[in-house]
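**Q** So the chains spell out like this:
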Amino acid sequence: MPQTLGKQQSGLALPPSRPQIPKAPTGIQGLDEITGGGLPKGRPTLVCGSAGCGKTLLAMEFLVRGAIEFDEPGVFMAFEETAKDLTQNVASLGFDLDSLIAEKKMVLDFVYIERSEIEETGEYDLEGLFIRLGQSIDAIGAKRVVLDTIESLFAGLPNPLILRAELRRLFRWLKEKGVTAIITGERGENSLTRQGLEEYVSDCVIVLDHRVRDQASSRRLRVVKYRGSTHGTNEYPFLIDEDGISVLPVTSLGLQHDVTTDRIPSGIARLDTMLGGKGFFRGSSVLISGTAGTGKSSISAHFVDAACRRGERALYFAFEESPSQIMRNMRSIGIDLEPWVDQGLLRFQSTRPAFAGLEMQLTMIHKATVNFNPQVVIVDPLNGFIIGDNATEVKSMLTRLADFLKTKKISSMFTQLLSSGVTQGTDDMAVSSMIDTWLVLRDIEVGGERNRGLYIIKSRGMAHSNQVRECLLTDRGVELREVYVGAGGVLTGSARLAQEAQELASKLTRKQEIDRRQIELESKRRALDAQIAALRAEFEVREAEAMKIIAQEQAQAAQLLQERVEMGLSRSADL
Amino acid sequence: MTTLLAKPEEAYLLRLYVAGQSPKCITAFVNLKKICEEHLAEKYQIEVIDLLENPKLAGGDQILAIPTLVRRLPEPVRKIIGDLSNTERVLVGLDLKRRK
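Line by line, the protein sequences are chains R and Z.
Numbering-wise (my numbering), the first sequence opens with residue 1 and increments by one.
Numbering-wise (my numbering), the second sequence opens with residue 1001 and increments by one.
Hints were generated in silico from the structure; no laboratory data involved.
It is possible that part of the hints are untrue.
What the hints assert, rightly or not - Output of the computed footprint for chain Z on chain R, the stretches with three or more beta carbons under 8 angstroms from beta carbons of chain Z:
id, segment
1, 104-114
2, 117-128
3, 131-144
Unchecked claim - On the chain Z side, residues computed to face chain R include the following (Cβ under 7 angstroms):
id, residue
4, P1055
5, I1080
6, G1082
Note that CB positions come from ideal geometry on N, CA and C, so glycine has one too.
Construct all of the structure, not just a fragment, from the sequences and the given hints.
**A** Right, dumping it as structure tokens:
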């Protein structure tokens, strides 16, 4: 069971006890987060921007999602495009307007205004518009209304004074009807809208922007005003793709992530040992820096492989190589990623960063992550994002990305290419402060060849090894070996092999020497033993001889004594 | 007496869209009758459509402003908005007078 530490705050940290104005959720990814729940319910919202910004699309998506996801039918009153054009245009996003209209969830009303056909002859008002709109609203019980675009009214009707007065009346009327309305308008030079509509529609104003910088286009959205609610006031990038609009919200304004003490393996056993024995923290971010060809992507591949083996999903953002190239390259070191792709556990997303602006990239990453919901994310490499001198923007973008991934408790691994000749510790993107674990792959050049060494610069929250390990790419994957520290310093590669061979040889020689001496000793001992044996044998012979002579002498002495006694006895017989 | 472009050959079919009995609508109707009697002799037909009673008819002729006079015949269809107090403009709009 993972332990979670720390308290969690989500979104924009609104104090929960205060009442909020009611909001109509838009269903557009990211927009509801920025606005704190959606657009103001029952009130008009102004969406302005220049041509091609996406105003009509935003309004249409608001209506369609309202009808499908929130059961709020809507009326789209179009002054610019015909109903048929609109239906066709949004069909590519998967919005089937015809069926919605048939189900009475939507009304699409095209109002035709042709200035040249109209002759103004006195006082009038726009009651006809009211009647038409009222009719449509009542026909399906609509709760949402879109007027796209107000500029056409100003272009078509000759008297702006009457028009303005009627628009004021219209917005009041919409409020009374209780419908949540979006009105679209063109961006003005000095004012938010060309016609100065923000004077009348002042409950909520959203501005869309579309600019091109360094040949890459980026779209931004900004909530300029939102009466009665706190809202994110920054510019948020958004993108328009086959699912509609996706806005990238900044999710964590404070550093209030939950953390766990779970550890996950890196996929390389020796590396786990270097990391306090257990691997990375789940939900932490890892940076692998290294010069070209040092094995950064290979380490990432191991990490992904290990994750997929555990049944977890991994999302691999490849900014330099195509997915098939990566898989082919990894197969050569014994890692086969294809089965994971087939099982749906691994997904590659591959684009060149220069292809879209920085915010677009971030939004795409965000969207892909939200859709796929992985536990592991790889970004390989980070360098592609630096174009020109946008280093500060890159840092801000990476901070947001790292924050977002942490909040979702996704473990992330980033690779960074260092230019050769750069020593460790140099961080041209200043990203290391956001990273929990930093591995560096360094070239060790000695004796005419280049080998790789890996070491850990930092790993927050755990004891880690400070030893440099030699990093080898074998056909069994990445292997880490002890680095040889010999008399000449650190040795790797063939110098190390040479040194190892030499040591082996001298060890062998020493052993032989020892054996030889032992044999010598043994033979000396034997010789000595033999000598001793010979001496002893001689001694025994002498001893036997001597004993014999002694015995003889003793016998002779005894005999003499005997004879004397007998002689004495025989002599004493004369008495 | 204003000079006419030509005597109308075919009958004029005119539709006046109003919303209830507001002062503008009444003024428009009165003005319309006057202009028709003066310039169109017998060859005209006026239909008054009250959008408050028949709101669905607003879409057909694309009516936004009230009151609106639509000249259905002769073709092409012309729209004249306002209470018709500017007779000159009405005549230009109905193609009974050349635009200055």
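**Q** Of all the hints given earlier, name the ones this structure violates by number, lowest first.
**A** none
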